[in-house]
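The whole structure should be built from the sequences, with the hints applied where relevant.
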Amino acid sequence: MKGITLNIDPVEARDLLERVPRACVAFTGDEGPQVELVTVLFKDDRYLIGMPSSGASHLTVDEEVVLLVDDGVNFFDLRAIYVRGHFQELGQVEGLAGDFVWVEVQPTRIVAWDYARIREADDES
Amino acid sequence: MMNPDDPAVVDILRRAMVARIATVSRNGRPHVNPLYFVCRNGKIYLGTVERTLAALNVTANPRVTILFNIESQPNDRRVLRIRGSATVRTDSKLCRWYVVRDLRKYIMTRSGVGNTLAHVRLLPAVRRFVSSGEKGKECVLEVRPETAEFLTAPKRVGNKENKAVS
Chain A
1 MKGITLNIDP VEARDLLERV PRACVAFTGD EGPQVELVTV LFKDDRYLIG MPSSGASHLT
61 VDEEVVLLVD DGVNFFDLRA IYVRGHFQEL GQVEGLAGDF VWVEVQPTRI VAWDYARIRE
121 ADDES
Chain B
126 MMNPDDPAVV DILRRAMVAR IATVSRNGRP HVNPLYFVCR NGKIYLGTVE RTLAALNVTA
186 NPRVTILFNI ESQPNDRRVL RIRGSATVRT DSKLCRWYVV RDLRKYIMTR SGVGNTLAHV
246 RLLPAVRRFV SSGEKGKECV LEVRPETAEF LTAPKRVGNK ENKAVS
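Listed in order, the protein sequences are those of chains A and B.
Here the working numbering is used: the first residue of the first sequence is 1, the next is one more, and so on.
Here the working numbering is used: the first residue of the second sequence is 126, the next is one more, and so on.
No lab work stands behind these hints: they were computed from the structure.
Please note that a few of the clues may not be correct.
Stated by the list, open to error - Quick look at which bits of chain B chain A covers, simulated, 3 or more residues with Cβ under 8 Å:
no. : segment
1   : 126-134
2   : 165-178
3   : 212-221
4   : 272-280
Stated by the list, open to error - Calculated lysine-lysine pairs in the DSS-like style (CA-CA distance at most 25 Å, straight line):
no. : chain 1 : residue 1 : chain 2 : residue 2
5   : A       : K43       : B       : K262
6   : B       : K218      : B       : K230
7   : A       : K2        : B       : K262
8   : B       : K218      : B       : K262
9   : B       : K230      : B       : K168
10  : B       : K230      : B       : K262
Stated by the list, open to error - Cβ pair distances, simulated, as ranges:
no. : chain 1 : residue 1 : chain 2 : residue 2 : range
11  : A       : D30       : B       : T184      : 17 to 25 Å
12  : B       : G153      : A       : D122      : 27 to 35 Å
13  : B       : D216      : A       : E31       : 26 to 34 Å
Where is the CB? At the ideal position from N, CA and C, for every residue including glycine.
This is the structure in structure tokens:
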């Protein structure tokens with residue numbers, strides 16, 4: 001069955017992980033949804049996330065998180081990569097901002113979309 | 126924490142274009158996605174459709190946290206974080222009002238028209254996407270802000286700047 005989709009192969013959105021126009025991580029806290037600003041380093045297919053220590057202190061190892069890196073304002077410029085996964089601790093990262101806690105997101109699901117690629121495709125459901 | 130009606134908060138809301146809204150599912154799983162929004166009378170209205178994760182999550186758990194920044198000023202690293210409670214509104218009057226405001230804010234502008242004209246060949250697919258109802262009917266997430274605070278976006282760290290992972 002055919003449907004309309006915005007989804008693209010995440011590889012095609014990899015430039016977002018290089019430029020990191022806007023990035024945040026969401027997780028579930030005691031008082032509901034939490035979201036923290038992050039910086040992202042995509043290295044050797046690993047999603048390394050730099051978080052302010054205040055935000056990282058709320059996370060526990062293996063906790064489920066969602067990383068969103070998105071770009072664009074106008075409708076057909078909207079693009080994003082969405083990584084659902086689990087938070088893992090990471091050792092020191094040299095050469096990066098020392099005022100961040102660096103963690104790794106081990107992905108369980110990665111989705112990317114690009115409104116300029118809207119098209120008919122086989123139904124993904 | 127700041128009051129959501131603080132002038133600095135109102136100013137960011139007036140100039141921001143894309144909201145990143147975090148929600149939690151019935152099972153406690155996190156989600157965040159970017160949505161267009163407009164404001165009225167101290168509330169924030171985000172457009173989506175009924176069967177998106179954002180709408181389903183708000184139905185299950187009204188708590189939301191939203192980030193806003195001024196996209197037109199990339200050197201302004203302030204990011205507004207608002208926490209509040211949301212409801213899914215499906216009444217046609219509000220949805221129609223939202224669509225009109227959304228079109229004025231995002232499409233009926235110089236850059237919006239230019240962007241649309243540059244992708245005019247895609248409009249039939251957009252029309253099909255909107256009218257298909259694959260993800261349910263259009264709805265609006267109505268957010269009542271409770272607290273606001275300013276964060277500072279981290280400086281961008283490209284892979285080229287990376288040195289080593291120990």
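A quick look at each hint next to the structure:
1. Coverage of the segment 126-134 of chain B by chain A is violated in this model, with 0 residues showing a Cβ closer than 8 Å to a Cβ of that chain against a need of three.
2. Note: the segment 165-178 of chain B has 0 residues with beta-carbon separation from chain A under 8 Å; the three-residue rule is not met and the coverage is violated.
3. Coverage of the segment 212-221 of chain B by chain A is violated in this model, with 0 residues showing a Cβ closer than 8 Å to a Cβ of that chain against a need of three.
4. Counting residues of the segment 272-280 of chain B whose beta carbon lies closer than 8 Å to any beta carbon of chain A gives 5, which reaches the threshold of three, so the coverage claim holds.
5. Taking the CA atoms of A/K43 and B/K262, the gap is near 40 Å; set against the 25 Å cutoff, the hint is violated.
6. Note on B/K218 and B/K230: the hinted pairing holds, with a Cα-Cα distance of about 18 Å set against a maximum of 25 Å.
7. For the hint pairing A/K2 with B/K262, the CA-to-CA distance comes to about 19 Å; that is within 25 Å, so the pair holds.
8. At most 25 Å may separate the alpha-carbon atoms for a hinted pair to count; B/K218 and B/K262 meet this at roughly 14 Å.
9. Simply put, B/K230 and B/K168 have alpha-carbon atoms about 16 Å apart, close enough for the 25 Å limit, and the pair holds.
10. Pair hint B/K230 plus B/K262 holds up; C-alpha atoms about 21 Å apart against a cutoff of 25 Å.
11. Our hint of 17 to 25 Å for A/D30 and B/T184 holds, since their Cβ atoms are close to 21 Å apart.
12. Our hint of 27 to 35 Å for B/G153 and A/D122 holds, since their Cβ atoms are close to 32 Å apart.
13. Distance hint check: the CB atoms of B/D216 and A/E31 are about 29 Å apart, consistent with the given range 26 to 34 Å.
Checked against the numbered hints given earlier, the structure breaks hints 1, 2, 3 and 5 and satisfies all the rest.
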